[in-house]
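**Student:** Each chain, letter by letter, is given below.
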Amino acid sequence: MISAFFIFNQKGEVLISRLFRQDLKRSISDVFRIQVISNPDVRSPIITLGSTSFFHVRINNVYVVGVTKCNASAALVFEFLYRFITISRSYFTKLDEESVKNNFVLIYELLDEIIDFGFPQNSEIDTLKMYITTESIKSEMAVREDSSKITIQATGATSWRRSDVKYRKNEAFVDVIETVNLLMSKEGAVLRADVDGQILMRAYLSGTPECKFGLNDKLVLQKRGNEASKSDGAVELDDCQFHQCVRLGKFDSDRSISFIPPDGEFELMRYRSTSNINLPFRLQTHVTEPSRSKVEYTIHLKANFDPKLNANNVVLRIPTPLNTTGVQAKVGVGKAKYVPGENVIIWKIPRLQGAQECTLTAEADLATTTHRQAWSRPPIQLDFSVVMFTASGLLVRFLKVFEKSGYQSVKWVRYLSKANGSYQIRF
Amino acid sequence: MAMAPPRKGENYELRQQLNSEYRDKRADAIKRVIANHTIGKDCSGLFPDVVKNMQTDDLEQKKLVYLYLMNYAKTQPELVILAVNTFVKDTADPNPLVRALAIRTMSVLRAEKILDYLASPLSRCLKDENPYVRKTAALCVAKVFDLKPELCVEYGFVETLRDLIGDGNPMVVANAVAALADIYEASQSLPATPPASPGRSSPPPSSRPSSDLFIIDGPTLTKLLVALNECSEWGRIAILNTLARYKAVDEKESEHICERVMPQFQHVNAAVVLGAVKVIMIHMRSVTREDLLKSLTRKMAPPLVTLISSPPEVQWVALRNINLLLQKRPDILANEMRVFFCKYNDPPYVKVEKLDIMVRLASEKNVDTLLGELKEYASEVDVDFVRKAVRAVGQVAIKIDEAAERCVGVLMELIETRVSYVVQEAVIVIKDIFRKYPHSYEGIIPTLCANLEELDEPEAKASLIWIIGEYAEKIENADELLGTFLETFKEESYPVQLQTLTAIVKLFLKKPDESQAIVQRVLQAATKDCDSADVRDRAYIYWRLLSSDPAAAKSVVLANRPPISLPQTTVAPAILEELITEVSSLASVYHKPAATFIGKGRLGAEDMQRRAMQPEEEMSREKALATVVAGQQAENLLDFDADDEVPSTSSSSQTLSMVGSGSNSGLTSKAISNVAKSSNPLDELMDLFSTAAMTTPTSQPIAPKSTVSGIQGLQDDHDDTFSGLSGLSSPPPQINGSTNSTQQQSQQQQQQQSSGGAQDDLLGLF
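Same order as they appear, the protein sequences are chains A and B. The numbering of the first sequence is the UniProt record's numbering, which starts it at 1 and goes up by one. The numbering of the second sequence is the UniProt record's numbering, which starts it at 1 and goes up by one.
None of these hints come from the bench; they were simulated from the model. A few of these clues could be false.
Here chain B is said to cover these stretches of chain A; the calculated rule only asks that three of the stretch's residues, wherever they fall, bring their Cβ under 8 Å from a Cβ of chain B [said to hold, decoys possible]: (1) 5-18; (2) 107-119; (3) 340-350.
Where is the CB? At the ideal position from N, CA and C, for every residue including glycine.
Model the full assembly from the supplied sequences, consistent with the hints where possible.
**Tutor:** So this is what it looks like as structure tokens:
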């Protein structure tokens, strides 16, 4: 149980304070300010002082803090804090000091609804938006809606959906988004390659539609280490997790994904795959230190996917030694520039076609230091997004929609593979 | 009003606005009041003006007024009564949102007067036709119980809560369960029967609800399992917590629970996943069906691994729990080491935890990959992490015999980097490897000795000195190397002094001809110039050993030591069992029982130790006895002690003279006699006792920590896997005389040691 909730700015000023239980005083916020915000040595996200535990998440320039005095579920507190962040983002796009100050009334109202006496309650964004509104997101029916209907939905077995949704055109959009994690050693061996996938759905369907969803997956929970049957084009998923609308019991018994979707956008499932990952980019690095004052880079990038596809916003961050004074870089495609503040060469390629190759050559000049420090060579980081490509090979087989009235619906599927700091190559 | 409020300032302005005839102006003013409250300004003076705005159709404004009331009701208990009417009216409002809001707010106002009006609206709301109101009211019971338990008992609210478990709406069920759990916890700290106060004529109503109410029976279990699949994620957590408390009647029921909870592994909320893991770990204990057990462990692994892609804080909680689960069931993640590889940009707290888990998962199959990773980490910039990575290499070497050679290879490569902290850590680690595999990797000793100058940390120095002493016969210039340390003896920290002393004595026993002079110098330095009681006492013990019976000295100092091993668990089995039932909670994150960091009667470290020891006591006693037997066989150290003990009496002056004569009687050896004659032994001992008191605190960290006991405690007191006879590393009270200071010290040590029982036994035997 969470006893209190605070939002602090970087100076330790309280922006939001809400006590849920009587076992704490407001002044506990001072303790957090002194012990955590003004203490640079804090390394743990949970601090227990006396018998009071502080859980904090730092985001932009604010601290979002949950406080408890009991042996609370740590996972729950952090999940709640992150849920709060998600909800705030959907209400006012960004959670930072300014937006908190501008929306404090709304935040109190939200807190009142999503947590009661320290127990998280309803945190479904769509439902919340039905009765907690700001001027900016006043959805057409929300305000005047009969509140008893709202409350039924907020507590009902399908708390995520109203029964009277109507659309002239019934459409469903499915986005498969994969984040590729890669760790490659100096020698080019793949130390770790896996995919964290996310299937987002936007459902604009009338009534109470019953959906069935199929992928070209086969869950490998059963047979580990049995590599025999692989050629049937099925993707092996190590694990998957579903939105609460999916009937977990049914999935457990016959592996079928069936659900009544919430109205609008939601995350249908998350999955993880570790086998047969198609790495969209290959990197060959040749970095030498010919003298004490120079490092030479030759970095060869190859797009390893179908030539019909394109990668967007490819960004390479190539670390340089700390005592670098300047860098001369030559690139065939895109732009490369040295950023002294971060000690990296940033090579940006706005658009790269499949199978295309390009090279960067660069020379970093180093300041001479009396005492030569070993350079730890942090990994090169590659960010990108490739549309219509899944690194795991996952495909949506079907999405069937059944509704009483028997309408036809249109479904769209998009795929995207991306990396954001998770694609790392050592050199 | 008795005191006229000031006619200016912000509050005056606000007051005027709150009483404005325009609606939006009033609404605005309320917002400003809340804003002022948030930044810590006292707004209690505006109470009557704010309360006037309570009666409104604007739900947003109502909420803000309620928020104000929650914060200030306590400061204005007489005025709260103004609000009661509106509250009671609102709890009967046709709009369920208003009803819920009113009951929710009313039950947290800390004012006696409100509570009296609360009972009837609350019982109405608990039976409201709208589930939203019911689920809100369910939690209100817990709130009221927190304020006034008697009220709940009097009106039977707890019974009503219990009935709500059978409600058709899963959210209501979840909140009822959560409220019951909360009340149960709170009622544990209440007195069972309130003491009859002499002042009152009638006994006060019992504030503790009947404990039957919290027992979950078969039908309730069915209802919970049904609700589990239907309610919101937070509700699932509450239900899972209750299922964790449930005691299954037979194995079949446990199986049933496991099967029904298993699908929750697929939930997207990490707290639900960990909650499910907890329930299954608990109910698994009574499951014996092989295939089910297998499928449970198999299905548990993927969701745990998936938690590693959560945001760092959640990840950390997950990692701490995985660490715990691995201690209980080392097999669950056997094939998954790669996911624990540290990313360069992981926060430090995540990295350190991953490192620990990787060592746990290390096996012959994956050791090469792991060593490659560890080597990589050792080149990073975060000093703390680099050291832990180097240490991990050593742990792997000790854990996997076959990989030891490769680990030593990696360590040698790391030493070549000549990065000071890497080298120092590597030396410490290598010492442990030598202790596990004596006489295996002597070839690397010259390289180590070449790095002598690089070492500036006590632990690294002490480790290298230990190695030199241990292999003194193989190192040609051992006396030279040790001599360099002897020169700076006085400036060194105590652990280094202790090791220097021991190493030189070892050298002397191995090569008596060449090192007479040096041993004499070190004994003299340690007994004369050193202000640590430990060092001094140890020097005296060696001195007497060497002078009375060199053969005995040899068998004591150079005895074979049992090899060390990597402990499989970091917490005692009993505590591990307890923590497993607390998975995902703070206790599981800290790896400490909840009672140690929260609660009214916080348990001290001592209690915890006692609990940790209980199941081990038997074992450690046996171990202690075995060690003593081994000691007797090794040589007659015991006789030696007993001889000196005989004349010891309780009078301290006598004891002093005895010890003095004891050291005089030991002056048979020519080499030593000069030294002793030159100083008055009595003065020296007095000096010793006075400094002993002074140095007590500093000697604490030297005391060994864990449980393998052995006579070798004599030489290895900074090694963490040995302990046992560490009473000897600071001299036992019998030898040293009965000064209070030393006794206190050894008592403190006894308290500190987890193997206190063993030590008592040993001392008793002496």
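**Student:** Check each numbered hint from earlier against the structure, then list the numbers of those it violates in ascending order.
**Tutor:** 3
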